[in-house]
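Participant: Line order of the protein sequences matches chains D and G. The opening position of the first sequence corresponds to residue 164 in the working numbering, with each subsequent residue numbered one higher. The opening position of the second sequence corresponds to residue 164 in the working numbering, with each subsequent residue numbered one higher.
Honestly, the hints are just simulated from the structure, not real lab data. Misleading hints may appear alongside valid ones.
Note that the list lumps identical chains together, so a pair holds whenever it fits in one copy or between two copies.
Claimed, not checked - Straight-line alpha carbon distances no greater than 35 Å define the calculated DSBU-like cross-link-like pairs of lysine-lysine that follow:
no., residue 1, residue 2
1, Lys278, Lys368
2, Lys536, Lys548
3, Lys548, Lys516
4, Lys483, Lys536
5, Lys555, Lys278
6, Lys516, Lys555
7, Lys536, Lys278
Please read these numbers as outputs of a predicted model, since none were measured by experiment.
Protein chains: 2
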Amino acid sequence: VAIELINTGSELLLGRVLNTHQQWICRQLADHGYEVTRQICVADEGRQIQAAVRESLSRADLVLTTGGLGPTSDDITRDLIAQLLGRALVEDPAILSTITGYFAQRRRPMPASTKVQAMVPVGARVLPNLHGTAPGLAMEVNPNPFRESGGRSWLILLPGPPRELRPMFTESVLPLLRNEFPLAQPFVCRTLRTTGMGESMVEEKIAGSLEFLRPVGLQIGYCARVGEVDVRLVGHGEKAEATVRQAEEIVRQLIGPLIFAIGDGTMESTIVQLLAERRQTLALAESCTGGFIAHRVTNVPGASAVLLCGLVTYSNDAKKNLLGVREETLAAHGAVSEEVAREMAEGARQRNKADFALAVTGIAGPDGGSESKPVGTVFIALASKSGTVMEKRFNAFDRETFKFVTAQQAFDLLRRALVTEG
Amino acid sequence: VAIELINTGSELLLGRVLNTHQQWICRQLADHGYEVTRQICVADEGRQIQAAVRESLSRADLVLTTGGLGPTSDDITRDLIAQLLGRALVEDPAILSTITGYFAQRRRPMPASTKVQAMVPVGARVLPNLHGTAPGLAMEVNPNPFRESGGRSWLILLPGPPRELRPMFTESVLPLLRNEFPLAQPFVCRTLRTTGMGESMVEEKIAGSLEFLRPVGLQIGYCARVGEVDVRLVGHGEKAEATVRQAEEIVRQLIGPLIFAIGDGTMESTIVQLLAERRQTLALAESCTGGFIAHRVTNVPGASAVLLCGLVTYSNDAKKNLLGVREETLAAHGAVSEEVAREMAEGARQRNKADFALAVTGIAGPDGGSESKPVGTVFIALASKSGTVMEKRFNAFDRETFKFVTAQQAFDLLRRALVTEG
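Chain D on its own, in the form it takes in the complex (with noise of 0.2 Å):
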């Protein structure tokens, strides 16, 4: 099934917003197996939206559009594509009763121009808008006069906001999609997310072992960002549950210890995890990744469970009267040394009780740094009832890469210290 995504909407060309229904429609598709084979963005301008429907309904068995079904004068999506399939645009009287009534509930006058989207092209069908007042619709193009091959295809209008977009997609479109396109054959997929390699030295160490499994139906695809590569492992057909197994068991002997997470998960909420399952708490002492890792770890549901404080100590007043770092240490090794890293680490987990500490100072940039530490160093140590643990980096990186890396050395520190403890 070749699928093709359209999103309309000027504010995506001018780069004031980020185009997120990109990632979440290409997310839930490859999910249930299918593919997205292209994506396109135009502007909100009859022309350039005919255009790029015209030549993906060329191409495409399902073509998805987004926006441009609202009531200013900038959502022209509908109409358009009325005129591009020669349909006639007609009133529906259960879409205006039902959008009558939304703005009866929330006792706001209905402008005039909302009853545009009561307008449906002859022959679509209507999906139910459940948060906002312009349904989808859902046209079979049948046949499909743009394509070569003819047969049919079909074009589905979505609404912008992502709150009304998501429902409408999961509730209507999915399982249109399932009905109408049902896959061919059984399809597994699976993500390992792996750190402390890069992305070249990851596939040299497993894709000739998993050679022998391409002939299957096995297809490994490599997604490196800073400071993770995600080896991605697709099986189709018949045997595709068992190769997709296969295949994973080898990645596990060859790499185990590099993957910290599966699919969607991510570092941080592996950290809480392994902690909440062994009941363990953490504190936080940071200097260059300034609240960094607290806020990552924060962003998991449930971290309060584990994590007691978080101590972004940038000055050396705050080292020492919130960590214990000693003047003489600060004096005599600097603020960025193995031993105040050391120190902030220990004055962390002794002072708020904690079963672990992690600890990070370093040189993030642009300034501040030196011949003998240069910008990009970095000390991390992680303190735990079996001793304090050190590591000594060179991240030199902008400083919200340098903060990202920083922080994912440190919590691969403290993941591998939890999964070796058992």
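Put chain G on the given structure of chain D with help from the hints.
Facilitator: Quick look at chain G alone, frame taken from chain D:
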């Protein structure tokens, strides 16, 4: 100038990553007077990439691609485009030596596959990569065989990682664009970033008073994101500079106190700048935002001059021990209360000898709400030498949006205090 952007990467169409390139590149181009007419995503698949590039070259003066220049087997953009244009790939010794140096400096072994990044299509201009190993490639396609009208187009290949792409875009692509496609007439764009009022209210306040500047070429755009509304003032033609300056003055008269930054400025950079100018210091006490406020402050280079410390006091014990919040206050009012927020802020200010202290306590959700304090309830306190001011807010969003909006409100409370005290 018709510009098309092609983002390659199966991870985009699988929904594994968000397409931040699109927003960033479109924003850069729009701010410099150029317009992206279409954006396309295709998978790392030979036929798809070649078809997309061929089609974009048939329409556009400039085609930008991102991704697929790395060393792994799914990095195929360079090869495919050389093949499409019928150009041989030649190893570039200068690039190879840069790559070798990159690995030597980091004391890491260089995987053999990395060498492929030194291959350059005949006639291509090499765009240096300051933060990675894959250089960008710029090719003049002249004559352009895919365009009916003939003429020339430029095709520019950029690497996928943002920290590599962004400096390359600024330092190599923009100058090339200005040189090869100079703007027909002066273009001035100024974005005023506001917080504290919804999009339609902002428009209602200013649109009427700016109407008289439309005939001389003023365009006004509004873009609302959660917690902020951008007002984009664009001028075209000879008087662009004066028109936009005049428009800005009018907007400042009408809604000046809402404007927290200009252009690419952020709330946090404004805060750090205002404090640094006044040689004043800040301490933070965060509960529900979990370090996110400290994280945003420390994203600003130079934050160490103004931020003394950040305390993420998730547990009640941490609130008592680190901030001196009284047991009785916690017992009488609960951790999420105006009284606790006040004691957090005052404790953080006094204990750290800071000029200002911001404190937040609230219920981020998904759990922890009650009838009197539903999920989304938050108390913000600002302590200074003039006393303590409080705000109660209701931010009923998902967890990450809750953190962002709450941080934005806390920053704005401080910003208004700083601006008022002068």
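Participant: Under a CA distance limit of 35 Å, which applies to lysine 536 and lysine 548: within one copy, between copies, both, or neither?
Facilitator: within (30 Å within a copy, 38 Å between copies)
Participant: Under a CA distance limit of 35 Å, which applies to lysine 516 and lysine 555: within one copy, between copies, both, or neither?
Facilitator: both (26 Å within a copy, 32 Å between copies)
Participant: I want to check one pair: lysine 278 and lysine 368. Are their C-alpha atoms no more than 35 Å apart within a copy, between two copies, both, or neither?
Facilitator: between (58 Å within a copy, 18 Å between copies)
Participant: Give the relationship of lysine 548 and lysine 516 under a CA distance limit of 35 Å: within one copy only, between copies only, both, or neither.
Facilitator: both (11 Å within a copy, 34 Å between copies)
Participant: Within a copy, between copies, both or neither: which one fits lysine 536 and lysine 278 at a CA-CA cutoff of 35 Å?
Facilitator: For lysine 536 and lysine 278, only the inter-copy Cα distance (31 Å) is at most 35 Å; the intra-copy one is 60 Å.
Participant: Quick one: lysine 555 to lysine 278, C-alpha cut-off 35 Å, is that within a copy, between copies, both, or neither?
Facilitator: between (58 Å within a copy, 29 Å between copies)
Participant: For the identical chains here, do lysine 483 and lysine 536 meet the 35 Å Cα criterion within one copy, between copies, both, or neither?
Facilitator: within (22 Å within a copy, 37 Å between copies)
Checked against the numbered hints above, the structure violates none of them.
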